[in-house]
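Engineer: The primary structure of each chain is shown beneath.
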Amino acid sequence: MTLNLLLFLALAVIAIASAAGLIMSRNTIYSALFLIINFLTVAVVYLVMGAPFIALAQITVYAGAIMVLFLFVIMMLGAEKPKEIEQIKWQRPLAIVLSGAILVEGVYALITRVAVNVTTSPATEVLSDPKTLGISLYTKYSLPFEITSVILLVAAIGAVVLTNKSRKETGK
Amino acid sequence: MIPIAYPLSLAAILFVIGIIGFLLRKNAIVIFMCLELMFNAANLAFITFS
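First to last, the protein sequences are chains A and B. With my numbering, letter number 140 in the first sequence gets 130, and the count goes up by one each step, no holes. With my numbering, letter number 21 in the second sequence gets 275, and the count goes up by one each step, no holes.
Just so you know, these hints were derived from the structure itself, not from any lab. Just to be clear, a hint being listed does not mean it is correct.
Beta-carbon label-pair distances, calculated as ranges [to be verified]: (1) A/Ile56 - B/Tyr260: 35 to 43 Å; (2) A/Val97 - B/Phe303: 17 to 25 Å; (3) A/Ala7 - B/Ala259: 18 to 26 Å.
Which residues of chain A face chain B? A few of them, derived with a C-beta cut under 8 Å, are [said to hold, decoys possible]: (4) Ala5; (5) Ile6; (6) Ala9; (7) Thr18; (8) Tyr36; (9) Leu37; (10) Phe43; (11) Ile44; (12) Val63; (13) Ile64.
We put the beta carbon where it would ideally sit given N, CA and C, even for glycine.
Take these sequences, add in the hints, and give me the full structure.
Structural biologist: What follows is the structure, encoded as structure tokens:
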């Protein structure tokens, strides 16, 4: 048991525990904090696997920006009290059945396939350091980059249109 | 280094936990957070392979 493996197992336990806490906690803010713990743990896992840039990007973008946004939304909308939405009667049992099915399937896949050697095909390009990534993103992959920004813009416009319509309906 | 099965199984476990939370919770914000958890698990799988 090398030190790396031991460290990874400890981090894996923390990540799984925080994910379980996320889906089981009654308070929404506790769920958000559990998710932050999960992101930080996974970022350290990236560090252990030898990808420092991705680890820091994960901390900055995911745990830093996205989760802070989540917490702002939760606190501004007062979403810790769950709203009374109409529920389909058979939704909860069906959800339990489906999640039980996928849990069984996941455990089965894990137990029977953990020992298999996964052969990794060599990557077509070395994209690990930020400078190469930046250069290739702007020269070779510039078309997908532009299309991605257009998609994000469409999503933002869609969000504004949808909330604008609902605000008109409530008469504000 | 770490054998490749372990980070992959961690990603699978996180993904399954995300799906279970996604199907079972009523609060919309928690559903979004379970989505984020699933994204993160898939990201972990990608980075494991690289």
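Engineer: Let me know if the C-beta of A/Ile64 comes in closer than 8 Å to any C-beta of chain B, holds or violated.
Structural biologist: holds, 6 Å
Engineer: Quick check on A/Thr18 please, does its C-beta sit within 8 Å of some C-beta on chain B?
Structural biologist: Holds: closest Cβ of chain B sits about 6 Å from A/Thr18, inside 8 Å.
Engineer: Taking the Cβ atom of A/Ala7 and the Cβ atom of B/Ala259, is their distance within the range 18 to 26 Å?
Structural biologist: Cβ of A/Ala7 to Cβ of B/Ala259: about 21 Å, so the range 18 to 26 Å holds.
Engineer: Given A/Ile6 as an interface hint, is its Cβ closer than 8 Å to any Cβ of chain B?
Structural biologist: holds, 6 Å
Engineer: Holds or violated: is the Cβ of A/Phe43 closer than 8 Å to a Cβ in chain B?
Structural biologist: The hint is violated - A/Phe43 has no Cβ within 8 Å of chain B, the shortest such distance being about 10 Å.
Engineer: Classify the hint on A/Leu37 as holds or violated, based on whether any CB of chain B lies nearer than 8 Å to its CB.
Structural biologist: violated, 11 Å
Engineer: Given A/Tyr36 as an interface hint, is its Cβ closer than 8 Å to any Cβ of chain B?
Structural biologist: This interface hint holds because 6 Å falls under the 8 Å limit.
Engineer: Hold the hint about A/Val63 up to the distance rule: shortest CB distance to chain B must be less than 8 Å.
Structural biologist: Interface hint status for A/Val63: holds (7 Å vs cutoff 8 Å).
Engineer: Tell me if A/Ile44 is really an interface residue toward chain B, meaning its C-beta lies closer than 8 Å to one of theirs.
Structural biologist: At about 6 Å, which falls below the 8 Å cut-off, the nearest Cβ of chain B leaves the hint on A/Ile44 intact, so it holds.
Engineer: Holds or violated: the 17 to 25 Å window for the beta-carbon distance between A/Val97 and B/Phe303?
Structural biologist: Taking Cβ atoms as reference, A/Val97 and B/Phe303 lie about 22 Å apart, which means the hint holds.
Engineer: With 8 Å as the cut and Cβ atoms as the points, is A/Ala5 at the interface with chain B?
Structural biologist: holds, 7 Å
Engineer: Would you say the C-beta atoms of A/Ile56 and B/Tyr260 sit inside 35 to 43 Å of each other?
Structural biologist: violated, 26 Å
Going through the hint list in order, the structure does not satisfy hints 1, 9, 10.
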